[in-house]
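> Sequence:
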Amino acid sequence: MARSTPTRMDANTPRDTVERDVAPPKEALLLGALDDVIGNRVLCTSIGRGQFATAVANRSPDFEVTCFFLDVFLAKQARDEIALRPGSVSAICETDFPGGPFDTIALPCRKNGEAELTRELLQQAHERLEIGGRVIASTDNPHDEWLHEQLQSLFGKVTKRSGPRGVVYLANKTEPLRRVRDFTANFAFRDGKRLIYAVSRPSVFSHRKLDVGARALLEATEASRAVQPGSRILDLGCGSGTVGIALALRKPGVHVHAVDSNPRALQSTLHGAELNGLTVVNQPAGPSRAGEAVSKDECSTLSIQLDDSGHVRYPSTFDLVLANPPYYSNWAITAIFIEAAARALKPGGRMFLVTKSPNWYRNNLHFVLSDVEIHDVRDYSIVTARQRRGFTT
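In terms of our numbering, the sequence shown opens at residue 1 and continues consecutively.
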């Protein structure tokens with residue numbers, strides 16, 4: 001089928017060089033601004049699978065396009081899609097935008113997205129742009145004022161293109177920022193008599209404060225005396241690491257392995273571990289020593305792993321698995337968490353999971369783990385289960 005190119009493209013006219021029906025609406029808005037890309041060094045984020053990035057790269061072999069993600073699962077999806085399309089695009093999953101400089105940076109923004117993350121990425125976009133470089137930002141809110149104000153505060157003059165499906169903004173960098181804001185949050189909370197210090201950044205779960213579900217996990221594990229000297233603990237979806245760090249400090253010689261798909265979560269967890277005097281290691285030393293004699297002066301340790309698949313290192317070695325699965329994805333992510341816990345737990349090891357939807361676990365968890373119990377703690381349900389004796393992966 002022949003493809004035609006519009007002679008005039010407004011904010012709501014995607015280019016035909018990309019399959020428009022697969023691009024989320026916010027990103028489809030950006031596709032209508034391809035003619036506004038300047039230079040050949042382009043950075044973008046994606047709400048989909050890198051559709052804007054591949055559309056830019058397809059225009060010329062001279063374009064150097066980087067598509068940035070804060071979740072390794074989304075980055076993998078984009079790489080799979082990018083591999084099927086012409087053009088050269090690098091899909092990366094890192095804590096921050098690469099250093100640049102870039103000529104154009106494009107950001108699709110959700111009207112119900114995380115405001116603080118949007119502010120930080122807009123600021124980083126300004127910092128990474130060459131003088132004279134351009135930011136292109138879109139929102140699916142046709143009546144937007146907030147994003148417009150954020151861009152004006154950073155760039156001054158902003159061009160606005162409105163349409164029935166949203167707005168596209170264009171702004172050029174004319175000078176460096178006079179003040180760069182740090183969006184990192186430091187906070188503290190108590191676990192028993194101990195004061196725990198934590199660090200978080202926008203996009204990280206439990207940002208700026210201890211989540212109530214995390215507090216419920218802390219209380220449940222304390223009531224059951226789940227942590228013993230020398231315990232090995234797996235913190236699945238660790239977020240800012242609050243629960244894992246607190247449990248590591250309860251007894252000597254504990255090792256916590258923190259796993260998340262967001263590199264900022266692992267960065268925050270490492271900073272929190274250091275603030276609390278934990279020793280960060282590449283891998284735990286030897287098997288679990290729970291129940292053995294452990295010196296009261298032995299420091300607890302922590303390691304990290306960037307992962308979205310549930311293939312956790314060191315299978316069948318953990319005494320305890322902690323989990324607070326997200327509620328979206330129609331239980332698919334929850335299933336990954338449970339399968340990971342089953343692989344990770346040693347025979348007799350326990351899982352503690354916090355949720356507001358206990359019925360799914362009541363109906364399904366017993367197929368994978370045994371001794372399933374559900375207790376109400378605060379406004380949450382704590383689901384516990386045990387790996388079967390004699391089980392091996």
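Derived from the structure by calculation, the hints contain no laboratory data. Do not rely on the hints blindly, as some may be mistaken.
As the list claims (entries may be wrong) - Cross-link-like lysine-lysine pairs, in silico, BS3-like; alpha carbons within 27 Å at most: (1) Lys111 x Lys356; (2) Lys209 x Lys251; (3) Lys193 x Lys346; (4) Lys251 x Lys193; (5) Lys160 x Lys193; (6) Lys111 x Lys209; (7) Lys209 x Lys160; (8) Lys193 x Lys209; (9) Lys356 x Lys296; (10) Lys157 x Lys193; (11) Lys251 x Lys157; (12) Lys356 x Lys209; (13) Lys157 x Lys209.
Unchecked claim - Across the chosen pairs, the derived CB separations fall in these ranges: (14) Lys160 x Leu195: 30 to 36 Å; (15) Glu298 x Glu149: 22 to 28 Å; (16) Cys299 x Asn363: 27 to 33 Å; (17) Pro142 x Pro61: 34 to 40 Å; (18) Ile374 x Asn330: 29 to 35 Å; (19) Arg313 x Trp146: 52 to 58 Å; (20) Asn363 x Pro98: 33 to 39 Å; (21) Pro24 x Ile374: 51 to 57 Å; (22) Arg208 x Tyr327: 33 to 39 Å; (23) Ser329 x Leu306: 29 to 35 Å; (24) Glu339 x Pro101: 20 to 26 Å; (25) Asp96 x Lys193: 32 to 38 Å; (26) Leu275 x Leu306: 26 to 32 Å; (27) Arg190 x Asp35: 52 to 58 Å.
Ideal Cβ placement from N, Cα and C applies to all residues, glycine included.
> Given the proposed pairing of lysine 356 with lysine 209, does the C-alpha separation stay at or below 27 Å?
Within the cut-off at roughly 19 Å; holds.
> Is it true that the CA of lysine 209 sits at most 27 Å from the CA of lysine 251?
holds, 24 Å
> Check whether the Cα positions of lysine 111 and lysine 209 lie no farther apart than 27 Å.
holds, 24 Å
> Are lysine 193 and lysine 346 close enough, with their CA atoms no more than 27 Å apart?
violated, 30 Å
> Is it true that serine 329 and leucine 306 lie within 29 to 35 Å of each other by Cβ?
19 Å Cβ-Cβ, so the 29 to 35 Å window is violated.
> Lying within 33 to 39 Å: is that true of the beta-carbon distance asparagine 363 to proline 98?
violated, 45 Å
> For the pair supplied as a hint, lysine 160 and lysine 193, is the alpha-carbon distance within the 27 Å limit?
Distance of about 54 Å is beyond 27 Å: violated.
> Run the distance test for lysine 251 versus lysine 157: straight-line Cα separation, threshold 27 Å.
Given that 27 Å is the threshold and the Cα spacing comes to 57 Å, the pair is violated.
> Decide if the proposed pair is consistent with the structure: lysine 157 and lysine 209, CA atoms, cutoff 27 Å inclusive.
The hint is violated at about 36 Å.
> Could you say whether the range 22 to 28 Å given as a hint is met by the Cβ separation of glutamate 298 and glutamate 149?
violated, 53 Å
> For the pair supplied as a hint, lysine 251 and lysine 193, is the alpha-carbon distance within the 27 Å limit?
Judged against 27 Å, a Cα distance of about 13 Å means the pair holds.
> Run the distance test for lysine 356 versus lysine 296: straight-line Cα separation, threshold 27 Å.
violated, 37 Å
In this structure, the earlier hints numbered 3, 5, 7, 9, 10, 11, 13, 14, 15, 16, 18, 19, 20, 21, 22, 23, 24 and 26 are contradicted, and the remaining ones agree with it.
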